[in-house]
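Novice: These are the residues of each chain, in order.
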Amino acid sequence: MRIGVMVCHAAREFPDVVFATDHMYACSDPGQGTIEQTIRSLKLDGVVVASCSPRMHEVTFRRAVERAGLNRYMFEMANIREHVAWISLDRKRNTEKATDLVRMAVEKLRHNRPLTAKSFEVQKRVLIIGAGVAGIQAALDCAEGGLDVILVERRQSIGGVMSKLDKTFPTVDCSVCVLGPKMVDVGQHPRITLLALSEVEELSGYVGNFEVKIRKKSAFVDWTKCTGCGACLEKCPSKKVRDSHNEGITTTTAITIPFPQAIPKRAAIDPAVCLHFTKGKCGVCKKVCPADAIDYDMQDEIVTEKVGAVIAATGLDLFDHRKCGEYGGGRYPDVITSLQYERMLSASGPTAGHIKRPSDGTEPKTVVFISCVGSRDRSVDRPYCSNFCCMYTAKQAILTRDHIPDSRAYVFYMDIRATGKGYEEFVRRAQEEYEVQYIRGRVAQIYPTTGEDGNQLMVRGADTLLGTQVEIKADLVVLAVGAESAHGAPALAEKLRISYDAYGFFLESHPKLRPVETNTVGVFLAGACQAPKDIPASVAQASAAAGKVLALLSKDKLESDPQIAQVQTMRCIGCGKCERTCPFGAIRMRELRDGSKRAEVVETVCQGCGICSVTCPVRAIQLAHFTDSQLLAEVNALCRTWDETTES
Amino acid sequence: MQTPVRPLNLAQARDPDFQAAVARDSGQHLASCYQCGNCTAGCSYTPDYDFPVHQVMRLVQLGLKESALSCRSIWLCATCQACTTRCPNNIDVARVMDVLRHMARQAGYAPEPGVKTFTDSFLASVAKHGRVFEVGLAAVFAIKSGKPLQDAGLGLPMLTHGKLSLTPHEPEGNGKAEVAAIFARFDRVAAQKARAHSPGETPGNGKKGGGE
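Quick mapping for you: the protein sequence lines, in order, are chains S and W.
289 is the number that numbering that gives the first Met the number 0 gives to position 290 of the first sequence; each next residue is one higher, with no gaps.
164 is the number that numbering that gives the first Met the number 0 gives to position 165 of the second sequence; each next residue is one higher, with no gaps.
Okay, chain S solo, but in the shape it has when bound:
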C-alpha cells in the first residue's frame, strides 16, 4: 500500500508512507491541487491530511482525493489544530501528540477499504412546523418551487405573532394587511396542505424519506361543513373565556373563530370551558349551526405523511411578567404587556383601536414604557437581548402620541439597539418628531397612587445620565416583555433530533456559515425558533430555508452514507439484541427458510452510530469505516511509546 501524508513540519517515517510534505493552507485551491498531483505522480493508494477538524473540511479533502481517482474513503484526517495547537502551548508535547494522531491516522488508513454510497429515492414534499410569518413564507416559497408542502400549525389559525400586531416598524404599515394576503395564498395554494389545530407527534426516517405522524386535534366542528358564518359564536352562552388572540384583555366564547382574517376561517370548541363538556348541558351551537357542522363526539386523528425535508418555524413566546414582583407581578390592571397594548392599538382589536385603561376604561394621558422586561436580565435567567423590543417600543410610543395627541410618552431604556435598515432613523423620529421622552435607566418599582385624575401608578426609576432617581405618575405602564422560545420547543426538538440551547432556542449547524441548517440532515430552521428575530429577519431566514430545501430535493436521488453497520450473517446467532438496542429502528430480524433468524440492517435508516456493533455478543456486526481492525490499529499505534517510534 502506498500512502501519502500531507502534514505540518512534524512529518516522520511510518510504515507504507512513501511521501510526506507540508502545506501552508492545505484546504486552499493550490493545496488541494498538490494533493491531487501527488496522488497521481506517486500512485498513492491513500492520503492522510493532518490539519484542522474534519467537521468542516473532511468533505473538501474527500472530494480532492476522489478527483485524483481514489475512493473517497481512502482518506483520513488527523486533527492537529483543535486537538493540539489550540489547547496547549507546550511545543514538545504538542509535537508528540500531533505525531501520535498522524500515526493513528496512517494505521487506520492501512486498514481502510473503498466504500461506495448507494442512492435512494427522495420524497419531493416538505413538512413545515409552525405557520407564523416564517412558516408561511417558507411554505409559499417551497410550494412555488414545485414541492408539496404539509404546513402544521398548533393553533386554530395561521398567522402567529404577526397576526396580532397592529403596525410594523419602521414603516408603520398595518401588520395584518401585509400578512393577510399571504395567509390567503397559503389557504388557496394547490400544493399546500394546511393542518391547523395540529401538532407533530413523531418524526422517523431520514433525509429524503421522513415519516411524520401528526395529531389533528379535534375541533368538535366538522371543518368540511363549517362555513365560518359565526352563528354559533353569537349564541354560545359561555362568554367569559380568556381570549388568547387578544392576549386576555377581553373575553370570548367557548366556540370561537379567533379573528376575522383567520385561515382557516373555521370554528372550534374549547372543551375545557364548553358547558356541553364541563357540565353535560347546553348544545346551543349544534342547534343554531346552519351547516350541521358541530360534532361533540369528534376524536383526535393521527395522520401520517411522508416528506423529504422538514422546516421548523415554531416561533417564540413572550416573557411572563408575573415573575417581576417589582412591576406588580400582574396585580395592577394598568400594567400591561406590549402585546396587550398592541391589541389595544389595533383597529380590529377589542377596543377598536382606542387606548383605554383596563381598570376604568379611561384614556391614559401619561404612558410609561419599560424596556428589557425579561431581557438582558440574569436574575430571571434571561441574559440575552430579545432583538426587537427597542423597535416596537419606539413604534408604540409613536402610535400613543398619534392616537392621543395631548398624551406624554416616556421610555425607560438601557441601550437602544436599532441596527436594521431605517431603524435608527425611526427611533430618532420618535424622540424628535413625536417628542417621546427617553430616559436612560431601569425602573425599580411601580406602586399604586392616587392622582388628580383618579388612580394612577407611581413609576420609580433612575436617570443614569442625570445620576438621580426619577418618578413619573403614570396612567398606563407598558412592559416591553422579551422573547422566549415557544412553549414546548425542547420537546419538539427531541422529536426532530435537533439540538437546542439552554433557553430552548434551536441550534443552527454553524452560527455563520450554516445558519438555517441543523445538525440533523434534512431538518432546517426558519424564524424566531432559532433566536429572537423581527419580521424582516424571520422572512429572510424562511426564504433561505426554503432555498435549502429546494436545492436538496431538486435531486431525484440522494446518496446514502456507506459508513453504516454491516451484519456478517454467518456469525449472527439471531439473538435480537441489536434490534432492541438500535435507537433508529434500523435493524430488523429476517427469518431464514429453516425458521432461524438473522439480523439485517436497513441501510437507509442506519445512522452509523455503532451501538449495535458493541452490543453484538458474537461480533457479527461491524461498522463500515470503523471496523474492529481499524480501531485496534489506531489503538496499537497510540500505545506504542514515543521512544519506540523515534528510535525505530
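None of these hints come from the bench; they were simulated from the model.
Glycine included, every Cβ here is placed at the ideal spot set by N, Cα and C.
Take these hints with a grain of salt, some might be off.
Across the chosen pairs, the derived CB separations fall in these ranges [claimed, not checked]: (1) W/P156 to S/G329: 40 to 46 Å; (2) W/Q80 to S/Q562: 36 to 42 Å; (3) W/Y33 to S/S498: 44 to 50 Å; (4) W/Q11 to S/G421: 38 to 44 Å; (5) S/R241 to W/G113: 55 to 61 Å; (6) S/T580 to W/Y33: 21 to 27 Å.
So these bits of chain W aren't anywhere near chain S, every CB distance computed over 10 Å [what the hints assert, rightly or not]: (7) A19; (8) L75; (9) P87; (10) Q105; (11) R130; (12) E133; (13) V134; (14) L136; (15) V139; (16) K143; (17) T159; (18) E171; (19) I181; (20) R194.
Put chain W on the given structure of chain S with help from the hints.
Specialist: Chain W in isolation, oriented as in the chain S frame:
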C-alpha cells in the same frame, strides 16, 4: 463630589490593586455591572447620597479609589439590599458598599463622622456588656457626637413606657464570654490580614484622622 473639570486620565487614575481588593473582599464580578441604574432607582437613600449607587459601582469599575473611598454614600447606606435584590446581573451591590465602607475606615476616611461615631459606640457597648446597653449607648453617643441633648426628648417617654432600662441586661450564662470571644477572634484575624497585605493594602495616610 469631585467632578473633574479637566479630562480624567483614566489610565493614570485607575488603581488595579483597589479593584482587585474590592472584587476579592466582596466576591463580586464587578465587570458584570452594565450601569442600568436599577440600584439607584430602588435605593431609598439616593436623595441623600453624593454619588448614587450606580456611580459608586462605576467608580469601582474605573478603579478610582480616592473618589470611591471618600464618598459619603457608602457611610449612609443602610444595607437594606434593595440594590442587591433589583440587580439584573445578580451582583450583591450592598456587599460591595459594605466592603468599600470597611476599606474606607481602614484607610482613615470618615466623611460621615456621626455614622462612624455611632458604630464605634455601638460596638464598644456590645464588647463591654455582651449585648447593647441602650441607655449607655445613647449617653456615650450623645457626648461623643457633641450633641448631648439630641435624643434627650425621647428618653423620658421611653423610660416611662418601660422601653429602656437604666441597668444593662447582660446575656445569661456563658453569653458574654462568647461575644467577647468573637471580638477577640476579629482582632486576631484583622491583625493577621494587616500583616499579610501590609505594604499596599492599608495605606492609612491618616489625613482624615480616625482609623482603627
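Novice: Can you name, in rising order, the numbers of the hints this structure does not satisfy?
Specialist: Hints 2, 3, 6 and 9 not satisfied by this model.
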